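So the sequences go chain by chain: R and X.
Sequence positions in the first sequence follow the numbering used here and run 1 to 152.
Sequence positions in the second sequence follow the numbering used here and run 1 to 746.
Derived by calculation from the structure, the hints in this document are not laboratory data.
Check before you lean on any hint, since a few could be wrong.
To be verified - Taking lysine-lysine pairs in the DSS-like style, the calculated list, with each CA pair at most 25 angstroms apart, reads:
#1 X:Lys90 <-> X:Lys154
#2 X:Lys695 <-> R:Lys143
#3 X:Lys583 <-> R:Lys148
#4 X:Lys217 <-> X:Lys90
#5 X:Lys217 <-> X:Lys154
#6 X:Lys385 <-> X:Lys403
Quantities reported herein were computed from a predicted structural model and do not represent experimental measurements.
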Amino acid sequence: MRIVVNGADHDVDVDPEMPLLWVLRDVLGITGPKFGCGIAYCGACTVHIDAQPVRSCSLQIQDVDGPITTIEGLGSSDALHPVQEAWQEHQVAQCGYCQAGQIMTAAAFLAEVADPTDEDIDAAMGNNLCRCGTYPRIRAAVKTAAQKMRDA
Amino acid sequence: MSIGSIARRTFLIGSAAIAGGVAFGVWRYRTPYDNPLENQLAEGEVTLTPYIKVDADGVTIITPRTELGQGTTTTLAALVAEEMDLDLAKVRTDHGPPSPAYYNGVVSAEGMPVAATDTGFMARTARGAGDVVGKFMGLHITGGSTSIPDAFEKMRQAGAAARLVMIRAAAERESVVAGSLWTELGHVVGPNDLRIAYEDLAADAATFDIPSDVELKSRANWRYLGQSQPRLDMVPKITGTAPFGIDIRLPDMLFATVRSNPAQGAGALNYDATAAQDVKGVVKIVPLKTGAGVLADTTWTAFRAAELIEFDWAPSPYPETSEDMATALAASFTDEARDSRFRDDGDVESGSETSTLIEAEYRVPFLAHAPLEPMNATAWLRDGKLDIWAGTQVPTYVVDVAKDLTGLSQNAITLHTTIAGGSFGRRLEFDFIAQTVELAMEADGRPVKMTWTREEDFSHDYPRPMGMARMKGRVADGQIESFDGAFAYPSVVASQVSRLGLTVPGPDVAIVAGGWDQPFSIPNYRMTGHRAPEVAPVSSWRSVGASGNGFFHDCFLDELIHAAGLDPMEERIRLCWHEPSRKVLEAVAEMSNWGSPLPEGSGRGVGFCLSFGVPCAQVVEVTQTERGLRLDRGFAAADVGTALDPQNIDAQLSGGMIFGLGHAMNCQLTYTEGGAPDQTNFPDYPAMRFDQCPKVETRILENGDTIKGIGEPGVPPAAPALANAIFAATGQRLREMPFDKFVDFA
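If we strip away everything but chain X, and leave its shape as in the complex, we get (with noise of 0.2 angstroms):
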């Protein structure tokens, strides 16, 4: 079935799914789909859910969640290792192949307009939609921040039912009864010395029924999870050795590059390749739809020659400025343009008497996704079978964009699916990769690694939008009494799914994630969402939706806060209806002594953003010296749930803050003209440098009722909490970003 029918029946399902509730197809649901790992054992495998793989070496651990720098690999593995009873420094992990057995059943649920502190009926309901739509999609993505909480149940099952089976094997074979048994770290174990290691029993076990439900480890007999692991990819990576998709080496093996029209979603009208031919070491000029490739001995090569093709690039059907795209975004607030409305409580539109209205605007920028490792892919096609290395959040797509692309059966695309350097959403888009397949067509056989220049990264990004907030409130006798908050962007779902050809029905909740789901008790409280049109193609990038409203909605709320003369910690935590959220504001108000006097020049502020079902609050310490801002120390507290590996939500929390800070200090795409941007490499996009990173203190809280991600949510607090710290040392106001454009930082 091709991508399109999938998903256009599917996100139909989706969009019914509150709607029609979870009726649909429960014996399909409760269908599980085949082990991906049957068809490909090599001598001497032996595969025990697909998540387990068991040869004559031990075990490897399939975690089908694309490493990205956020550790998933490590507490993936902790999870079947945990159950299965493994030593987890041990065991082998793999990506494993693009499977729907691998299906993210939490994705979808993250698109339904349910407020992630909604335990009501519906909202249940809705999210367990989710999980059937993600099954029924067998959307084999890593994005959302869901790997944990889509992996907890699903993965520890697995590792239960091996170890089970194990069991069972060595019952057999000893004839003794299995409940005489028990397991120690990749062992059977018995009476009389008993001990036989899993790699001995696992041909046996295979043949046992895998059991579908087996009671879990309860927490306070849990080895691994709940505590730090080691990262599995730790030495690798501070040895040079971990294989990343731009390391990969073949024999005979060609280097390439492409270049493409920088002005985004236009093509090349004419080149001329003359002066590239003659640079010693090209192969081949290989045209593109985009733009045009180089074949080379060596990626230096190409690059070179690359630069020297002299193209007629077509117009951009884009707006070619950054003004013409604001004014695109400031025309999207009318009725015809709203998307969703879906928090109106009480009456914005009438204030009391004595009340004192407070308006303003809010802008963010386009911003790029700029991993450090660029975009690159590798393609072998020979005899009729495709091979593809590359770091992506989306295998499933990716096979299927390549048969589109060679017309080979899926059973001759073989996609190995690689660690990548850093995402922040990058990798859900595969151009990168389908450029590098066209090149492997026209590569006589040959392997093909593709790199691209980081000033294609910075030209074919698909960015954050940008977005505006018109922001309204009330104000009366020390209270708020009203806050209206209106926000326009361009749909990053709509754009995203327009390059699979679909559109999506229904209004695109990233347009106010972030914003319209704050826990707090605003008598008259309304948040509408506003769809611009497409003015660049757009993306998801860390935090999606919640990166610019999170800034929009709480540095407002700090608005209005202050302008009641009220303490922003204090009323954010009486404001706040829900308890874990509370709670995180708790936690940072203790953790930075909020209150306790900071010298002269010095200002602290705090910012809040629950999003991926995670509260997370912030506080941030800047001082005013004469080089300018510094920023002294950030605190950040976020709620969980469950922990599962406390280090590691540390790195990604306090990893969260400082993106988060970073970006908003001083990065933005810009465009003056012809569409492209202005900012072609790190200088002109430098995020947070070493030497300006504030010391950054975390607590992790598990308060909220089911297990969250946390990837992301990191994100949205830092910007405001930097503008409100601001604030507090000079008494300017910030409601753009980057800062940098009004403040200057040390």
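With the rest of the complex left out, here is chain R (with noise of 0.2 angstroms):
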């Protein structure tokens, strides 16, 4: 099989049922997606296909439609994406652990609505889980963000 991650195209001989995260994780090495449930309920596994927000753990390989974005290919550490520059200004993430997540189902949701309101944001960040409470922060972040990606 094909697929495209980050631009870059990967041939993978593998069970066409592994979902998406484990080809991504431990047969390509991308581990910025990351296992947090298995069942597409907490987000950390979200990436992008054709800029649109999938929850990886639960894709299986076989039914990938389009180009991946993983967290990785989203920006840099040189290059930050303004949704990753929102979450440095505001200091967002404690353990981390779920913020690939948050910030990939943020940055799709931006692209497509450029002035959120407070429902809107409820509504496109309501499914992910954070275990550190640090919603109040990703809240500013994601008005921050769009506020970035508006003057851009």
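Since each chain comes alone in its own frame, lean on the hints to assemble the complex.
See below:
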């Protein structure tokens, strides 16, 4: 099977039912997407397929139908994505384990909704779990990121 | 020396510490441990104290408390950088090797029955004895909100000493007097444009004796401390590059998982792995004491194969249902099961004639730690050497466990302590690491990364125990006359050390922590701890005993205040004799505009708990809506004595409050059959959701006399603040968690 991850082509010879998360993590060594619950509930494994947020722990590799972007492909330490910049400004992460999923969810959402209300943010971010309680800073950072993306 | 003999001896010292004072072995206490970095320096590396390593690229600071999310790495590095005069943004950090040199001198003081508000001679002696015990035990441990108070002097001293030897080395090299030189961000500088980087001086500096007592900068001269610093781990964590244990990748590595008996404390009688063995990619099925493990080509293969193993589980030695466990707790309110009575003021038995007696029973359930990064570890046994990578809070214990399992000597074992995706106390246990070592012993020299499924995590947590409190109090003439509290729990400390094959003499302070030690002047005031049987293996959960007792004590205080017809905030402030505690109450009163009118259907509650030496007050506002109760706003004030990094303290305080609220709302582990919890994944145990989370405002005060840690104290006041707010909004008094058994949340 051929998949495109962060702009690079990969040929993977795996069970077609293997979830995308494990192809990324264990086969390709792309470990930004995290394993949290395995049942598409917590959101730590969120990646983009064709710019849409997808829970990679519950999507079989045979059903992947577009190019994949992971947190590693969103931005880098030298060139942060506006959402990552906002996360840095608000010092959002504590343990940080959920944050790749939070950022990928926020980035996909803000690409579609330029000026979100609190209710929009609730609806978009409401299904990503954070055990450390960083939610207030995530909300503030989403608003800052939206401003940055509007100004860009 | 084995863990057993060290710990057995030193726990005895611990229990005798107060009676015996600190007179033993002063000479040995003053002798520093060897610097563990000296044995493992690479070519071109130099070490100055156990906290500092220098090579051609600059300075690495050893931050020996495990980064679990609490931000300790950045603040510990800032302690050294402040005194050594380093550019904090440029330093590298490392958790360092397991070593008694990184002993935690504060953590054992937490186990002493000395109130944080007690500054008398005996209390100070007991706390000092805690440091001695910590040093003798060489307890390299992260926990108990102790990382900052433990390191505050030690790591600044290390930085100051290193700076001094850098100056001496430069003075000798340049043949000038040391007094003519000073430092600027990683350089020694002096007259005539003298400027030498620390990297270039380190080899010479290492030949000087490291001074043990150097004058530290005054607070007015701090560059980093006292001000918010960007976390050193922030950019890695938001770019997906932070190296969690679960992300370790080694050449030719096998991926693994395990399945253990979902009933705690029992193993497998037998199992049939025929179907599992046939799964493509499975390398080996490995029998374990508690079940079996699967070695495979990917984690997913291991998960699938493990599910196919058919086990015949042994029956649990513990009660099978929550009801049976609660019955055992309820039966522990006896004189025989009395564990402690650290407070017994006045006479709670006889009330005045005009007084009204109020009685209530409170309960808290078992709670899982469930950090978002599932338990995992990596181990590689080859050529008589073992390497382990794991996010652990107890590095030296892990090495001891690995020694026992493999028969290797300590020198043959290297533990790489990784950062962890949360813990909340879970990584004080090392069951998952021991399992990984067992798997590595069957892996023919290949490295093994073992990952638990979330289901394995929920069924094999060592949870916060179920607890129960029976409260009695009297009010008369608009005053609280008496408060008599009795608390029953299984002992967390006894359960934890039993897994090291040990017993601890004396009472378990955790049974009453956050209850007996509260700073209120009530004339007749008694707090009794009862030790219930170990109805399940239990462990420390963020804020430990105070996580339940803060709720029990403060909510019943609220009941008494209401019964006396008084204002909950004003009366707490009036009753509070401890000034730093009173000030956090006054702070949240001001922040929340306490007493200002709220709309119909809304209510405001205050909660207070002093835990880990930190007084913390919180206010929660709730509103009844058609969809249920909505949490509108939260306010939290805490006194840490000296605030080193306000933005990080805000994160811990607000995060602790949200953690406390979420678990109070909807989390519990219940047992209905077979000794395994009914909850198997996050949908059964959601805690706070993003869209339910109130706005939280914090305030950090510094009136306390010593520096304190803030990882845990934000948790205990949250549940009572919420319960008291719900009472204010609805008139319904909640005496049992989780609250969603009785009310709906929006």
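Quiz item: Taking only the CA atoms, is the gap from lysine 217 (chain X) to lysine 90 (chain X) under or equal to 25 angstroms?
Solution: holds (21 angstroms)
Self-check item: Distance restraint between lysine 695 (chain X) and lysine 143 (chain R), which requires alpha-carbon spacing of 25 angstroms or less
Solution: Holds, because 14 angstroms separates the two Cα atoms, which is no more than 25 angstroms.
Quiz item: Does lysine 154 (chain X) lie within 25 angstroms of lysine 90 (chain X) when you go C-alpha to C-alpha?
Solution: Holds: lysine 90 (chain X) and lysine 154 (chain X) sit about 22 angstroms apart, inside 25 angstroms.
Practice problem: Compare the distance between the alpha carbons of lysine 385 (chain X) and lysine 403 (chain X) with 25 angstroms, and conclude whether the hinted pair is satisfied. | Solution: It holds: about 11 angstroms lies between the C-alpha atoms, which stays within 25 angstroms.
Quiz prompt | lysine 217 (chain X) paired with lysine 154 (chain X) [C-alpha distance capped at 25 angstroms] | solution = holds (14 angstroms)
Quiz prompt | 25 angstroms limit on alpha-carbon distance, applied to hinted pair lysine 583 (chain X) and lysine 148 (chain R) | solution = violated (40 angstroms)
Comparing the model with each numbered hint stated earlier shows that hint 3 is the single one that does not hold.
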